[in-house]
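Fit chains X, E, V, F, R, P and S to the supplied structure of chain W, relying on the hints for placement.
These protein sequence lines are chains W, X, E, V, F, R, P and S, in that order.
Quick note on numbering: the first sequence equals residues 1 to 255 in the numbering used here.
Quick note on numbering: the second sequence equals residues 1 to 255 in the numbering used here.
Quick note on numbering: the third sequence equals residues 1 to 255 in the numbering used here.
Quick note on numbering: the fourth sequence equals residues 1 to 255 in the numbering used here.
Quick note on numbering: the fifth sequence equals residues 1 to 255 in the numbering used here.
Quick note on numbering: the sixth sequence equals residues 1 to 255 in the numbering used here.
Quick note on numbering: the seventh sequence equals residues 1 to 255 in the numbering used here.
Quick note on numbering: the eighth sequence equals residues 1 to 255 in the numbering used here.
Each hint can be trusted.
Simulated restraints on C-beta separations:
1) X:S63 - V:K90: 38 to 48 angstroms
2) R:E99 - V:Q66: 45 to 55 angstroms
3) W:S81 - P:K90: 26 to 36 angstroms
4) R:D58 - V:E74: 28 to 38 angstroms
5) R:L159 - S:L92: 25 to 35 angstroms
6) R:A59 - V:Q66: 28 to 38 angstroms
7) S:S54 - R:S81: 19 to 29 angstroms
8) V:K90 - R:A59: 27 to 37 angstroms
9) P:V17 - S:R146: 36 to 46 angstroms
10) W:E71 - V:A12: 35 to 45 angstroms
11) W:E14 - V:G73: 46 to 56 angstroms
12) R:A59 - V:G73: 29 to 39 angstroms
13) S:S54 - V:E74: 45 to 55 angstroms
Here are the simulated lysine-lysine pairs, PhoX-like style, with alpha carbons at most 25 angstroms apart:
14) V:K90 - V:K67
15) E:K67 - E:K56
16) E:K89 - E:K67
17) F:K9 - S:K9
18) R:K67 - R:K89
19) W:K56 - W:K89
20) E:K90 - E:K56
21) V:K89 - V:K111
22) X:K9 - P:K9
23) V:K9 - W:K9
24) E:K9 - R:K9
25) E:K67 - E:K90
Simulated from the structure, these hints should not be mistaken for laboratory data.
These numbers were taken from a predicted model, which means no experiment stands behind them.
For each residue, glycine too, the CB sits at the ideal point set by N, CA and C.
Number of protein chains: 8
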Amino acid sequence: MEVREVLNKVRAGEISVEEAEKYFKRQPFEEMGFAKLDSHREIRSGFPEVIYCSGKPDAFLVSIYQKMLEENGEVFGTRASRHQYEIMKKVLPQVEYDEISRILKVEGRRKKQEGKIVVCTAGTADIPVAEEAAQTAQYFGAKICRLYDVGVSGIHRLLSHMDEICSANCVVAVAGMEGALASVVGGLVSCPVIAVPTSVGYGANFQGLSALLTMMNSCANGIAVVNIDNGYGAGYLATQINRLAVRGGKQDERE
Amino acid sequence: MEVREVLNKVRAGEISVEEAEKYFKRQPFEEMGFAKLDSHREIRSGFPEVIYCSGKPDAFLVSIYQKMLEENGEVFGTRASRHQYEIMKKVLPQVEYDEISRILKVEGRRKKQEGKIVVCTAGTADIPVAEEAAQTAQYFGAKICRLYDVGVSGIHRLLSHMDEICSANCVVAVAGMEGALASVVGGLVSCPVIAVPTSVGYGANFQGLSALLTMMNSCANGIAVVNIDNGYGAGYLATQINRLAVRGGKQDERE
Amino acid sequence: MEVREVLNKVRAGEISVEEAEKYFKRQPFEEMGFAKLDSHREIRSGFPEVIYCSGKPDAFLVSIYQKMLEENGEVFGTRASRHQYEIMKKVLPQVEYDEISRILKVEGRRKKQEGKIVVCTAGTADIPVAEEAAQTAQYFGAKICRLYDVGVSGIHRLLSHMDEICSANCVVAVAGMEGALASVVGGLVSCPVIAVPTSVGYGANFQGLSALLTMMNSCANGIAVVNIDNGYGAGYLATQINRLAVRGGKQDERE
Amino acid sequence: MEVREVLNKVRAGEISVEEAEKYFKRQPFEEMGFAKLDSHREIRSGFPEVIYCSGKPDAFLVSIYQKMLEENGEVFGTRASRHQYEIMKKVLPQVEYDEISRILKVEGRRKKQEGKIVVCTAGTADIPVAEEAAQTAQYFGAKICRLYDVGVSGIHRLLSHMDEICSANCVVAVAGMEGALASVVGGLVSCPVIAVPTSVGYGANFQGLSALLTMMNSCANGIAVVNIDNGYGAGYLATQINRLAVRGGKQDERE
Amino acid sequence: MEVREVLNKVRAGEISVEEAEKYFKRQPFEEMGFAKLDSHREIRSGFPEVIYCSGKPDAFLVSIYQKMLEENGEVFGTRASRHQYEIMKKVLPQVEYDEISRILKVEGRRKKQEGKIVVCTAGTADIPVAEEAAQTAQYFGAKICRLYDVGVSGIHRLLSHMDEICSANCVVAVAGMEGALASVVGGLVSCPVIAVPTSVGYGANFQGLSALLTMMNSCANGIAVVNIDNGYGAGYLATQINRLAVRGGKQDERE
Amino acid sequence: MEVREVLNKVRAGEISVEEAEKYFKRQPFEEMGFAKLDSHREIRSGFPEVIYCSGKPDAFLVSIYQKMLEENGEVFGTRASRHQYEIMKKVLPQVEYDEISRILKVEGRRKKQEGKIVVCTAGTADIPVAEEAAQTAQYFGAKICRLYDVGVSGIHRLLSHMDEICSANCVVAVAGMEGALASVVGGLVSCPVIAVPTSVGYGANFQGLSALLTMMNSCANGIAVVNIDNGYGAGYLATQINRLAVRGGKQDERE
Amino acid sequence: MEVREVLNKVRAGEISVEEAEKYFKRQPFEEMGFAKLDSHREIRSGFPEVIYCSGKPDAFLVSIYQKMLEENGEVFGTRASRHQYEIMKKVLPQVEYDEISRILKVEGRRKKQEGKIVVCTAGTADIPVAEEAAQTAQYFGAKICRLYDVGVSGIHRLLSHMDEICSANCVVAVAGMEGALASVVGGLVSCPVIAVPTSVGYGANFQGLSALLTMMNSCANGIAVVNIDNGYGAGYLATQINRLAVRGGKQDERE
Amino acid sequence: MEVREVLNKVRAGEISVEEAEKYFKRQPFEEMGFAKLDSHREIRSGFPEVIYCSGKPDAFLVSIYQKMLEENGEVFGTRASRHQYEIMKKVLPQVEYDEISRILKVEGRRKKQEGKIVVCTAGTADIPVAEEAAQTAQYFGAKICRLYDVGVSGIHRLLSHMDEICSANCVVAVAGMEGALASVVGGLVSCPVIAVPTSVGYGANFQGLSALLTMMNSCANGIAVVNIDNGYGAGYLATQINRLAVRGGKQDERE
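Extracted from the complex, chain W is given alone in its bound form:
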């Protein structure tokens, strides 16, 4: 309902001043005291709110999960610890936990998986971040192709999967240490590449700073970077791009 529409209805007496006032002052979130659940987010962005579990007190986390499950029929959280899973399981026995990606969820119904996103990693130690990306994107309805351990120190491992990589709508390139994977992938594909630096490595990698800077400075085109270890963010963004590719976007009609 647009502004003018509301105003016309007020004029016409179809809706009361109080209702209109509520409209103009509407509060699109659920006040929980300690938190404000963003219940309009799915409407606004097409994606339900996702819970960042790390550091949330047990009682808070449980009541957020209960609230969201009640409202949406499903709930999805990242960076959950095994301890949080065990607490949650007592209250919501149907909750599922994946040790590697640390995702804690109750999934209403398996979504239809559409389009294609390739998630690749440089090494095996990058897999947890990659799985956070992959499972996030799957939850949001994307089809995922995983290519793990294809880093540039053995470039033939990556080149042997060119067909897979070149048929994606979006590639998520996950790499720690020197993070060169993103540049090499970026030089091979025509679709957007979301680069995820990981904190894998030691010494002068400075907890992922090295990979982050590498990816930022990539001389290849079509690469953008998310935060260190932010698999969730990459999965979200890749899904947005994949959806645009599958469902089509907007075409400005004017002009």
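Below, chains X, E, V, F, R, P and S alone, put in the same frame as chain W:
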């Protein structure tokens, strides 16, 4: 022509061993001695090669422009100085130069502009980077909507353009200083946001590091970051996303 | 008693040389061997000394609390651990401990709460720092309005509280990750904003550096920044400002 | 005019739907194409908009000054170069320029100066930043007391001005090199201290980073920090505090 | 024995070629396989070797202590853990351990304490580092005056000890957080100041970096800085300076 | 005149209240409006004030030199530009300028040079910083021995000067690039070593940060560090130490 | 088999199209699902693949060791924990573990040790990294000479081993703290020096950054640097150089 | 002549005590007052001394070139400016200058070029650094193969030169921006790779820090890194390795 196809033709004697060898050893770039023009790039990525002019010696730059113009009928370069424009104009009088974006180009024919990308800036000082993004995307065939000087210190300026922003396939958010624009935009739209930190500011902005970190750490979803002042990279990536939205992407048929 | 006044009294024999010497060499602190309690601080600054508990050996902490309680009838400490609380409780059973803010105190009498300070946070994980600020300011006699979880990724949550925010004498904006909340608040209010970066986040937030730089570089006016996670400092400063607003300050009479 | 009031008038036919719509979609800024002058800022914050001149193209700057002068009867800009002054003088002969603070202004009428702000510097090299703060605050109507060259390497110079410092509503402490001045001042006064790190120094001062960190980590209470060399920001914030002290703030009536 | 002297003796047959060879190839350290004890150090520098205990395997540490005790009649180690003390006590029951400074030693005879070094700290949390400095210097024979908790947030505490400070041959100033103590002391005394940044603090102190930069950039004269938390280094250097003051140094006779 | 003495004289009527007040409020600096010359510094520290010329406006600098020359019969400034020298020469024709050290001075009478300080550099590019140190120390009355270009990449050059180095009261070790000279010297001598990192080098030396960290972390004893390129500071501190060695220091009588 | 050879055989019908296709699409690695063992690496580089154990899940690690042992008759891993050793021992009882270097291996037959590599350390705390280098190089067939605890604070310890050092084909210099060892060694030898910064130290060594920068900026020739604590990388590279020296390299025949 | 040999001759009276003393105190460098030419370097290291021209005063540089030319019949300097070339040409007309590499030399006779070093760059902007490496190595007698502009954003350009790369004794990989070239090359070859980060790029490359960290953290084996833009250092080290490969190294005879 796929590998098996070539091999079958060799077997059938349809193509000679020499031709097939050339195929397997093909060198998809133009050797210019000092540089290797990536002439297959358009085929591989759907985008012609773009020249990064900054720091290239005059003679090199001129011969690269001539070569590319000859091959593609057009040529597009970024980070060109006024001096480079004046040198080039003597040889290629049809060359165009934009002082703000520092783009130096010969454009074959104006492309049809499809889809919609919003390019917004926090302040007026961010406009040169934004224009590099906008004009790059236009050159590659995207329709651009510019929203400049809508930074978060006067949030109403941004909110008054919600319609424009929400109808884009991709938003490019360009901001220096504290770079908060990307987070606010990211919280308002459902499409991907490409964040471009700029080196605008002073003191503890450390030549763009502040804005870069802000954008990296955004608590909003659907944001990825390119290098400081990298308008070109953002324009390129936004075009990739916009094309996927307009032209559609791949749908994995298998399974 | 001013310098000239003392001297006149010496001349007049009203006070002895020894007394005067003591005046000029007075030592306005309590020597405890390992520490020097700043007993003149309340006179000098209008605020009693507050104990930073973290890292203080148990025996030291207990004797400091006892000393201060004896002198002032109350005592207030920050960054106390649960362990310190338990040790203290044995000696001072009336001591109170708040798990979230980690404040350990014996409060003489509840102060009258005057003026108005808004303490807002970007997310729920910022609440401990915010509570340190809020409870500090309350202890010093300010009235607090808490607005938690109103970060910029859902800007409507903040905008729906404009009335509250605009009626404050001072706003304390607490945010980790990208720390953009301070800039947005700064653009909305006319009172001073004390920005508190928190170490909440991961990866390229570098333990709060990202939020600190964001707040430092804010393009909004009227913002100043305290140390990462320094809720106490923000609460103190906000109280100073709030008091000036309520009680009035100085008006230079001269000229 | 509040939301309900507008709606009641619509219902009553006192204002048209179109007028009401305009109210709800109002655009509180002046669109200049390349910039959006924030003409509601004075209403919102009590301070007119100030122009950051550095880097603005000559033509843009001149038209912004003309626009603002026309609207407000005065205009105030910071970080202006001598070149910008000379350009401006041709168009607005009444413009004034201060070489030290680099402020470029047309001041309508000298404001009444109220309250008291002390602006102090550690060394003589910090004076330009201090003057930006002092003159900004004067323009906004504060009374300023300047104490320059009172750094901690000769602490007696500072101590000899205790009376001045202790009678301020707010102290702005400007220091480069090691930036210790803020801590010492903070330990001496009961009013808020706005610390301004400057880029004065060399070597391991890293263009002001050293002073910034010093001020951030101050063990004194009641100190907050603005960006390196940000005299304007400190002057603005000090004025806000000074006004609260002079004019009084809000007292929350409820409860 | 000088080179020429040895050679003359060889010529004269007073010492054999083998003995002379040994002289020229002499190995002024004790080879322990895993370590090379620098047994000539006392001769070379006037100070016996001191053991840095942290991280040394138990067996190595014990045999080093035994070796040194046997050779020198005493042994002195820094950064020892309680665990290391307990292991050592079983083998060398006379060993003494100080929990605060973490010094583990067997002291032959109490040295005569000469000259005067002031060791001062900003806060109580800096005491462990200060004690490492003080006890090191005492072990090497210096007289120590301790002034703890005299940081700049209450400058009067420092000023009340001016007599003590001004009578030292060297001041060791130990401070974390903003580290301003060194600058203030440096401005008050005529003797060298050894500044020791500590890792005390949180947030933007970056484990002592803030204090280190402050001290490095001090605008006071006569200050030099040692590594973060390096109490031992400061105690050593202060002793060197104190000895020069007490025992006298060299006077170049030539010219 | 001590506090009690003054008071007794007041009581006895030997000095007036006004005189006594002046004593207690004495201002031991020369107020010049823009600066406060620290005229008591020589009394307090034994060293006259030295002018840091860099960045001082011409008129300020000239009047400071005139003032100081008048008061002390000599004046000494560092970091002077050739331009400043030329301006000064017009007013004070007797002024001397050294291009390498950038020292600008009028020296009353050549001081007697006492003791011995060795100033050594790693390379020839470090000489300007070394000369600032050496000439400062000479001005303050120390005897200097220069050993330049004795860096560790040809360790024999340093070892061939062991006699010189070992007979100093203090060594100033000046080095850029990797800064290893200080550690090697520190391992060879028994006197204090003042290490001066220089900004000589390129790439990962980060304008002297590399040398600074090297010197900070030296595993040799008896080394302290001053700011990058701070030859003056090193010369000052070395003179303090040299004086203590030559003139003797304090011996605490009490016990 | 070269490209042309394969094609000729296809033409001649000697090999089938399928076989040829397999050749052109060959996958030179063992797919293990979670990892891709690079089984061609020994052929390509002359070195078998080495396992980086740290962080690998137990089950993964065991199956990788089993697979590699089966294929190569031996297996070599670095950064193994004692826990990993205990798990492995149950399955492969012949596995050997070295606590210091943290190497976990099954060695087929002791290799002949050829050439000479010197591995030296500055202190005893650097030995674990040095042993990783030394044992890696031994496993790859190099002869190692160890010189431990020869850091620059007692330069005579290093100089007394000149013969050893000067007879090496390559020197690995391992040092933490200030890392000056590499520069000194580099100035003494004619062979390449591989510098390994270690994280040994505290405070301003920033976990090895100090040593890394020192080594990077070395003014000696013939030094290159590997990552902090990367003993394995240094051992590998030193072996490559040693092999070239022993076995001879390539001589370009053309021209 | 070894120590024992000298001593035996002294004993035998074959050489005088004075000659022997000179031997033991020999000074293997040419003292030039401002510099100490390391005339034994060629004997010690097999390489003549090379002059780092940048920043050397004209007169110094000229006399160093003259001295070295006289002694060695040739002289080689790096980082020379065109200005230095023009000054030098007046004195030594035979001097040659290369604008790109900035090498200024008089070459006695063209050396025989032996072995093979590949120098490759990621982009054309890296060529100046690569040429410094290549021409240095050629001067020292190595055969060079140049492969420029083969960066990873078009990996096929690199792969098409596999034959060249795989036949080298050493590869020098020069790259700015993200610096990924070294990792890819390292994964393809069996010889050592010397990685040279360059300062080419902008924004978050931080003047070469990004490429440096990438190369440091490479997951490929056999890579070591020299300073940013240090082409000379890479050329020197590559020559050492190439010589070992061509001329053979040492084989430890003992055991």
